[in-house]
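Turn these sequences into a full structure, and let the hints guide you.
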Amino acid sequence: MTAPNFTTERLSLRPIAEEDIDDMAAMDADPDVIRFIGDGTIPEPVAHRQELTGWIDDSKDPPGMSMWSARALAKHERFLGWVMLYPLPGWEPDVEIGWRFAKAAWGCGYASEAARAIMKHGFENVGLEKIVAVLDPENQRS
Numbered sequence: 537m538t539a540p541n542f543t544t545e546r547l548s549l550r551p552i553a554e555e556d557i558d559d560m561a562a563m564d565a566d567p568d569v570i571r572f573i574g575d576g577t578i579p580e581p582v583a584h585r586q587e588l589t590g591w592i593d594d595s596k597d598p599p600g601m602s603m604w605s606a607r608a609l610a611k612h613e614r615f616l617g618w619v620m621l622y623p624l625p626g627w628e629p630d631v632e633i634g635w636r637f638a639k640a641a642w643g644c645g646y647a648s649e650a651a652r653a654i655m656k657h658g659f660e661n662v663g664l665e666k667i668v669a670v671l672d673p674e675n676q677r678s
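Numbering (the numbering used here), first residue to last: 537 to 678.
Treat the hints with caution; some may be incorrect.
[What the hints assert, rightly or not] Computed Cβ-Cβ distance ranges for the label pairs, DEER-style: (1) Leu609 / Gly643: 11 to 21 Å; (2) Gly643 / Gly576: 12 to 22 Å; (3) Arg652 / Pro598: 17 to 27 Å; (4) Thr538 / Asp575: 31 to 41 Å; (5) Glu665 / Pro567: 36 to 46 Å; (6) Pro623 / Arg585: 35 to 45 Å; (7) Asp568 / Arg614: 32 to 42 Å.
[What the hints assert, rightly or not] DSSO-like, lysine-lysine: derived pairs with alpha carbons at most 27 Å apart: (8) Lys656 / Lys596; (9) Lys656 / Lys639; (10) Lys666 / Lys656; (11) Lys666 / Lys596.
Everything labelled a hint here was simulated from the structure, so no lab data went into it.
Where a beta carbon is used, it is the ideal one built from N, C-alpha and C, also for glycine.
So this is what it looks like as structure tokens:
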């Protein structure tokens with residue numbers, strides 16, 4: 537099963553692609569966005585772009601799971617962030633939902649809206665019985 541596209545009330549969600557790399561790299565260069573990711577260090581640009589390119593191939597498997605680009609319908613498809621549904625490494629068979637959004641999209645409910653659509657897909661189409669989320673307790677926004 538190929539990961540599908542989704543449209544919610546305010547969002548267009550589609551599997552990440554090459555055209556998302558610039559937006560994703562710019563988002564990850566913001567210290568506030570990356571603060572709770574790993575050790576909070578802004579990634580080195582060239583290596584990070586290579587890593588992001590690898591995510592595109594990695595997100596095509598397993599079937600029905602992916603990393604989706606979230607874009608605002610009302611803002612000319614402006615990139616807002618991403619949401620993913622993917623096996624949690626080291627915790628198989630658990631599947632994780634996660635997201636990262638640009639600071640300009642914080643506090644607008646976009647992450648919740650995207651997560652609801654992806655979780656519905658996970659339960660109804662992929663056949664998952666459980667979806668987990670991992671967070672840093674210091675990250676109150678998440």
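Against the structure, the hints:
{"no.": "1", "hint": "Leu609 / Gly643: 11 to 21 Å", "in the structure": "holds, 18 Å"}
{"no.": "2", "hint": "Gly643 / Gly576: 12 to 22 Å", "in the structure": "holds, 21 Å"}
{"no.": "3", "hint": "Arg652 / Pro598: 17 to 27 Å", "in the structure": "holds, 21 Å"}
{"no.": "4", "hint": "Thr538 / Asp575: 31 to 41 Å", "in the structure": "holds, 35 Å"}
{"no.": "5", "hint": "Glu665 / Pro567: 36 to 46 Å", "in the structure": "holds, 38 Å"}
{"no.": "6", "hint": "Pro623 / Arg585: 35 to 45 Å", "in the structure": "violated, 24 Å"}
{"no.": "7", "hint": "Asp568 / Arg614: 32 to 42 Å", "in the structure": "violated, 18 Å"}
{"no.": "8", "hint": "Lys656 / Lys596", "in the structure": "holds, 19 Å"}
{"no.": "9", "hint": "Lys656 / Lys639", "in the structure": "holds, 26 Å"}
{"no.": "10", "hint": "Lys666 / Lys656", "in the structure": "holds, 11 Å"}
{"no.": "11", "hint": "Lys666 / Lys596", "in the structure": "holds, 20 Å"}
Figure legend: structure checked against the earlier numbered hints; hints not met, in rising order: 6, 7.
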